[in-house]
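Order-wise, the sequence lines are chains A and B. Per this note's numbering, the very first residue in the first sequence carries number 1; after that it's consecutive. Per this note's numbering, the very first residue in the second sequence carries number 1; after that it's consecutive.
Don't read these hints as lab results, they were simulated from the structure. Please note: incorrect hints may appear among the correct ones.
[As the list claims (entries may be wrong)] Pairs of lysine to any residue, SDA-like flavour, derived with a Cα cap of 25 Å:
{"#": "1", "chain 1": "A", "residue 1": "Lys51", "chain 2": "B", "residue 2": "Glu87"}
{"#": "2", "chain 1": "B", "residue 1": "Lys484", "chain 2": "A", "residue 2": "Glu34"}
{"#": "3", "chain 1": "B", "residue 1": "Lys484", "chain 2": "A", "residue 2": "Gly41"}
{"#": "4", "chain 1": "A", "residue 1": "Lys81", "chain 2": "B", "residue 2": "Ala89"}
{"#": "5", "chain 1": "A", "residue 1": "Lys51", "chain 2": "B", "residue 2": "Leu110"}
{"#": "6", "chain 1": "A", "residue 1": "Lys51", "chain 2": "B", "residue 2": "Leu143"}
{"#": "7", "chain 1": "B", "residue 1": "Lys484", "chain 2": "A", "residue 2": "Lys81"}
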Amino acid sequence: MQLGRRSLLILILFLAVVSILIPAPAAAHAILLESSPPLNGTIKGPDVPIKLRFNVRIDASRSRLTLVRPDGSAQPLVIGKPASPDTLSAQASSLPAGDYRLRWQVLASDGHITRGEIPFTVTPS
Amino acid sequence: MARLLQIFGFLSVLFRGATLTFQSLTVGGIVFLIFVLRRAKEDSAALEQASLRWIRRSAIALAVMQISYVLANSLILMQSAEISLREAAGANFVVAGAIGFFSAMAIVILTGAQGSRSHVALLIPATAIIASSVMTSHAMARLEYRVPLVAFTALHQAATATWLGGLPHLLIAIRRAPSPDFARRLSARFSQLALISVAVLASAGFVLGFAYVGSLKAVYGTSYGAMVATKALLFGLLLFLGALNFQLVRRGPSSTILASLKRFGEAEIGIGITVILTAASLTSLPPAVDLTRDRVTGSEIFTRVAPRPPRLGSPAIQDLPEDVYAAQSRAFEHGSLSAESFVPGQAGTRPNTPAEKAWSEYNHHWAGIIVLAIGLLALVAQAGRVSWARNWPLIFLGLALFLFLRSDPEVWPLGPNGFWVTFADPEVLLHRIFVLLVIGLAAFEWRVQTGRVASTGVRLVFPLLIAISGALLLTHSHTLGNIKEEVLAELSHIPLAILAVMAGWSRWLELRLPPENQTRAVMARLWPLCILLIGAALLNYREM
Chain A
1 MQLGRRSLLI LILFLAVVSI LIPAPAAAHA ILLESSPPLN GTIKGPDVPI KLRFNVRIDA
61 SRSRLTLVRP DGSAQPLVIG KPASPDTLSA QASSLPAGDY RLRWQVLASD GHITRGEIPF
121 TVTPS
Chain B
1 MARLLQIFGF LSVLFRGATL TFQSLTVGGI VFLIFVLRRA KEDSAALEQA SLRWIRRSAI
61 ALAVMQISYV LANSLILMQS AEISLREAAG ANFVVAGAIG FFSAMAIVIL TGAQGSRSHV
121 ALLIPATAII ASSVMTSHAM ARLEYRVPLV AFTALHQAAT ATWLGGLPHL LIAIRRAPSP
181 DFARRLSARF SQLALISVAV LASAGFVLGF AYVGSLKAVY GTSYGAMVAT KALLFGLLLF
241 LGALNFQLVR RGPSSTILAS LKRFGEAEIG IGITVILTAA SLTSLPPAVD LTRDRVTGSE
301 IFTRVAPRPP RLGSPAIQDL PEDVYAAQSR AFEHGSLSAE SFVPGQAGTR PNTPAEKAWS
361 EYNHHWAGII VLAIGLLALV AQAGRVSWAR NWPLIFLGLA LFLFLRSDPE VWPLGPNGFW
421 VTFADPEVLL HRIFVLLVIG LAAFEWRVQT GRVASTGVRL VFPLLIAISG ALLLTHSHTL
481 GNIKEEVLAE LSHIPLAILA VMAGWSRWLE LRLPPENQTR AVMARLWPLC ILLIGAALLN
541 YREM
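For reference, chain A alone in the conformation it holds in the complex (with noise of 0.2 Å):
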């Protein structure tokens, strides 16, 4: 018996299917491990250090930190030199008290992007 044409064009068309109908591959996204301020944390004003973990590597050049404020007035925040290649870190200056959100997005290694918000809170110093 033979492999007949049919069968092969059946596999490769297999290999098509699939490949094209499967919803998932990707490599490597970053999660948040730990972050300062903490996630619904309250922290003392107006000058705030943030400070975010990742469980990888990140591309720290090709992520973004935007804090919204109270009144929804949103901040791009300048991301400083990481201490190591897994961490954010900024400094949110001049903050009035009140509810803040900090909105994050990093670049892991594969091209692959992740975001997420921590809600805290600024007191009076």
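Go by the hints and put chain B onto chain A.
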């Protein structure tokens, strides 16, 4: 904007899966050519040309997929991080993609060169392709033990490509071999290479599994751990088929073994591709060692799987929450639904309401009853005593209608969203493709079972579709966080997927193995049994 990212996100995932498949075929082909075909010590110029042609085709497909993947991902990055093309171009994934692309193109050029006698030079771009793949792996992103993890990942991927990627090239060579004896010698050589590859990939896989999973509790407590266990199980199935092949090559006479050898090889390729895609899906998950909180415990799994009567009554559609698409896109525009990490373009992580869970359980349980009926009738039909039982594939039409109506209650015909939403949301689109697959399954297999067609191609549609469904279930989207409900749902899907893969390939072998092969009779009983077990597992599916 959110919708656009969703589409690009979906596309990048498709390109990535295809890249990994063609990478294995290209590298496996080169290894086969140099270490099996060229060492056969026989005039095999025609075979060499055929092998070179297939390597070139795989490399072209790989280059196209690499460039598409990099483009889709760059667009996502530029849009979501608001950075320029120049900035995006320096990202690690772009560099890795470029290495992969140029290496594939080098293979296209080298395999097209006339009069080349030695093909050893092809090993350089093949090595570069593996390196480009490793550049985007978990190992490169780790902080601890990076160098040994990179080395083990490279070994794991190279061995996988040699074994699974080389198999299709072996089958092509056997088909074109000038004599059965020569084909047998090729198979024997490939078996030796496969044995070494299996040993390398298993050892490297064990080390990587230990590094990324870390403990037995993480095996069942996290999605990552459960997927590693699934991969190991599928690997076991492959080894079983490989062992059957090995026995054939060693013992059987050349004239009779080749047919069986090719058929086992086909099933190995199919299961092998499923393993590669499971591995690809695995890498989208954070390693289990990074997720130490909120793991699922053994008692939680036991509580979930303990048998209970099926849910045969559905909640009213009005009890379901408001339109999930609106909720998802709102959540996306606001950054996130929760503090969990998520991928732009991916659906959010809003927990399901009790009504949604009850809706889903009802769907699974009725689907279970239908599948159980299919399995039972197929078993009866296989026994050959009751002639009307051969019409069992028609029951699939009922399943298709049921899935079409119930799987996405927020979309037409039951929900407020129109028909075209189907094409914009990857999940709904996948469900609709599933419905079409089920209808195709019913139509093709009914004609086969009732003797209306004898064509081999048509007969193979049913096993292929079943096997594809299993592969789809295994690579279904996973969550990034360790959300218990998602892990529990995944744990319940894994046995269904493995049974579907087994059902598909055992039916394939029943149809393809020569009559004198005794394994054929075992396969004929195995696939209806797997379908029966899928029905039983669906009947006990729980979301709460």
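Now for the hints, and whether the structure bears them out:
1. A:Lys51 to B:Glu87: With Cα atoms ~24 Å apart, Lys51 of chain A and Glu87 of chain B stay inside 25 Å; holds.
2. B:Lys484 to A:Glu34: holds (20 Å)
3. B:Lys484 to A:Gly41: With a Cα-Cα distance of about 24 Å, the restraint between Lys484 of chain B and Gly41 of chain A holds, given a limit of 25 Å.
4. A:Lys81 to B:Ala89: holds (21 Å)
5. A:Lys51 to B:Leu110: Given that 25 Å is the threshold and the Cα spacing comes to 50 Å, the pair is violated.
6. A:Lys51 to B:Leu143: holds (17 Å)
7. B:Lys484 to A:Lys81: Not OK: Lys484 of chain B and Lys81 of chain A at ~36 Å, beyond 25 Å, violated.
Of the numbered hints listed earlier, those contradicted by the structure are 5, 7.
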